[in-house]
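Asker: What follows is the residue order along each chain.
There are 2 protein chains.
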Amino acid sequence: MSQSDSSSSESMMDIRGCRLNAVAAGVRYENRSDIALIELSEGSVVVGAFTQNAFCAAPVVICKNHLGTNQARYLLINSGNANAGTGQAGFDIAMETCALVAKATGVESDQVLPFSTGVIGELLPLEPFQQSISELVSGLSANFWPEVARAIMTTDTRPKLVQKEFELSGSVIKLSGIAKGAGMIHPNMATMLAYIVSDIAITEEVAQQWHLELCEKTFNRATVDGDTSTNDSCILACTGKAGNLLIDNSDSEDALIVKAQIFEIYRELAQAIVRDGEGATKFVTIEVSGGNSEDECKKVGFSVAHSPLVKTALFACDPNWGRILAAVGNADIDNLNIDAIEIALDQVPLVERGAVHSEYSEVLGQEIFDKPEFTIYINLNRGGCTEEIWTTDLSHDYVRINAEYRT
Amino acid sequence: MSQSDSSSSESMMDIRGCRLNAVAAGVRYENRSDIALIELSEGSVVVGAFTQNAFCAAPVVICKNHLGTNQARYLLINSGNANAGTGQAGFDIAMETCALVAKATGVESDQVLPFSTGVIGELLPLEPFQQSISELVSGLSANFWPEVARAIMTTDTRPKLVQKEFELSGSVIKLSGIAKGAGMIHPNMATMLAYIVSDIAITEEVAQQWHLELCEKTFNRATVDGDTSTNDSCILACTGKAGNLLIDNSDSEDALIVKAQIFEIYRELAQAIVRDGEGATKFVTIEVSGGNSEDECKKVGFSVAHSPLVKTALFACDPNWGRILAAVGNADIDNLNIDAIEIALDQVPLVERGAVHSEYSEVLGQEIFDKPEFTIYINLNRGGCTEEIWTTDLSHDYVRINAEYRT
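From first to last, the protein sequence lines stand for chains R and L. The first sequence begins at 6 in the numbering used here and counts up by one. The second sequence begins at 6 in the numbering used here and counts up by one.
Calculated from the structure, these hints are not laboratory results. Heads up, some of the hints might be wrong.
To be verified - Listed next, the in silico SDA-like pairs over lysine to any residue satisfying Cα-Cα at most 20 Å (straight line):
| hint | chain 1 | residue 1 | chain 2 | residue 2 |
| --- | --- | --- | --- | --- |
| 1 | L | 69 | R | 344 |
| 2 | R | 69 | L | 341 |
| 3 | R | 304 | L | 57 |
| 4 | L | 108 | L | 130 |
| 5 | R | 304 | L | 337 |
| 6 | L | 108 | L | 142 |
| 7 | R | 304 | L | 304 |
| 8 | L | 69 | R | 343 |
| 9 | R | 69 | L | 344 |
| 10 | L | 304 | R | 337 |
| 11 | R | 69 | L | 340 |
| 12 | R | 69 | R | 253 |
| 13 | L | 304 | R | 57 |
| 14 | R | 69 | L | 342 |
| 15 | R | 304 | L | 307 |
| 16 | R | 179 | R | 147 |
| 17 | L | 69 | R | 341 |
| 18 | L | 304 | R | 307 |
| 19 | L | 222 | L | 292 |
| 20 | R | 304 | L | 61 |
| 21 | L | 69 | R | 340 |
| 22 | R | 179 | R | 258 |
| 23 | L | 69 | R | 342 |
To be verified - From the structure, some residues in chain L lie toward chain R, with a derived Cβ separation under 7 Å:
| hint | residue |
| --- | --- |
| 24 | 58 |
| 25 | 90 |
| 26 | 125 |
| 27 | 341 |
| 28 | 343 |
| 29 | 360 |
| 30 | 401 |
| 31 | 404 |
Virtual Cβ for every residue (Gly too), placed ideally from N, Cα, C.
Only chain R is shown next, with the shape it has when bound in the complex (with noise of 0.2 Å):
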């Protein structure tokens, strides 16, 4: 098991059926790579999780709707344009830009899955594509894992890959996942991407569940400032080439070890973006227990995840458990007790019944809060759910980027 930033590749594992290749098209950026290619061998198994965000950009529909109607063996990825608010004009340059692949791989058009992130309502320009596919497809490889965790960065300040081996059962599993800037960290250039890809067999039916889950309880776990991107896409590809059993229930012990493979994967991505957030200075779990529903837990954990003036507080170092507690009193849960609720930071106790705990003192809770990583344990008391945001602050940086992103 190991993570690794660095752009080496000797560290580096290939997974079988898979080969990439990023090239410096010139979308946007000079002198760096913006266009990446994945390929994935024939009879792979592809699932996808997409934004919520009702604004949706040209390749995401393009992509659920390719899911839909064949196998998937290329994906296509951009930075420096997310081909977002371009109407028709880019949904027809996206389509454009699949035919291109197809045609110089021998696939069909849907079997492409296109994906952009950048700058939103600008069209994306088809000319770079139509300059390098050539060269992507002909470069491909099974070691340019971190050429392309850099090709698909946009404000990200390093990539992120996470590379994973397991035995199961006499087989030796590969994972391998890459992932940028997480929800609307990245303003213009938003947008989360996460491409994960495993040289397990597993059925499609087993990978989608274990998708939506996992992901759920990991992307959709991080946030730096709430705002959803209309670009974001995770991907979960299994070529099947690791001579395994076939993976298909989930409920088998050899599943329950290859899903906890996949969560730790998707955790470490998840977690490595909420690291590099824009302006962050700080990386909190906020662990939401004792509520009635998961989705409870998550309004509590949300609520002081995103309330500015929490995250001003973290910011500034200041244990302000007022904060806090107004930040949960705000999360709009039916009957909730505030006198029931405990808080703790780290080990250290601060909220019960409704006040500061007799054993708190500013001294501890600063302590604490000096700290550049830690967690605010809220139990509501009243059930036996238990869920984990992981956040940032709210940083002068923060304003300072997104202020003069565009200028």
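Keeping the supplied structure of chain R fixed, place chain L upon it in accordance with the hints.
Answerer: Frame of chain R, contents of chain L only:
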């Protein structure tokens, strides 16, 4: 009709049946008044609207109780300490402050309504009340509106006082309203407080109905950062001394005239609060029309108003329409057809059919965004409802003030 930010009392109107006073009692601040008392004559109709935050400060709980059990005669307000998150001890102290006023004025304790605004989580000191109540009571005067408007301020940069006078079938009706910092503009020093007093004769039933309806259309449409304080309270008191024919239904011509005047004063106060939002450099109206319901118009309006990306774009004077459209798409509206949506900045068309309007140019958008006040018009084109939200930008000063406040 006049609006004044000055503390000179010459232009201020007396409201028959209402006397006020404010003193420097040292609750937290030095050299400024911080406890105020408003006296209402016997027979006054008093109605309230309070925070929806489940974490309700002690004075809010007591206000609601007292309004339900007796006729309110005194409003006791302190700044500097919110008496929130203080458990049973905080409740007991708030009750004692009511008892002090009751004893000094000869009314029952439950005829006194307590209000607090300021730091959360510190016990409200009783001593400043013990030492100042008799001075407060003996100095009551009909023309201390500016003094009370100042006494209830926390980190507001200016007092908010609006007064109106109008004729109603031969009677002269007077209205006077004061307010302080809204939503959670003012974190620890949170809380919107507003008090509107009139000499009009009106039944409690009509006053209550109008108060809730008009608060919803004004104070509840004002947002800076989407947080709801633990102490928000808004009181309408009508002394009945104007000599008008009792307003006992909401449909008569007189009733409509009065309601429009009350609406005006609420709106002016609510907008004054947004204009004085922490770090605010812009006052932006978001008008959402063509909705199927009030609720869906509000959801869209608040989604745009609360988007950190829209707010930083407002601060940067960057007409970044992709962020506005993404925030609309993020509003969680069922079956929203993004292609039907039209967006305009003041009179400049911005978005049509999911893409930028053909007549739009960055120069036109920039002209609007450079203005200190403008309107973002969003037409959902699917129904007959229209709602307005008022908000501000997210500036460096917002982060600075909220990050540095408690230090």
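Asker: Any of the earlier hints contradicted here, and which numbers?
Answerer: 12
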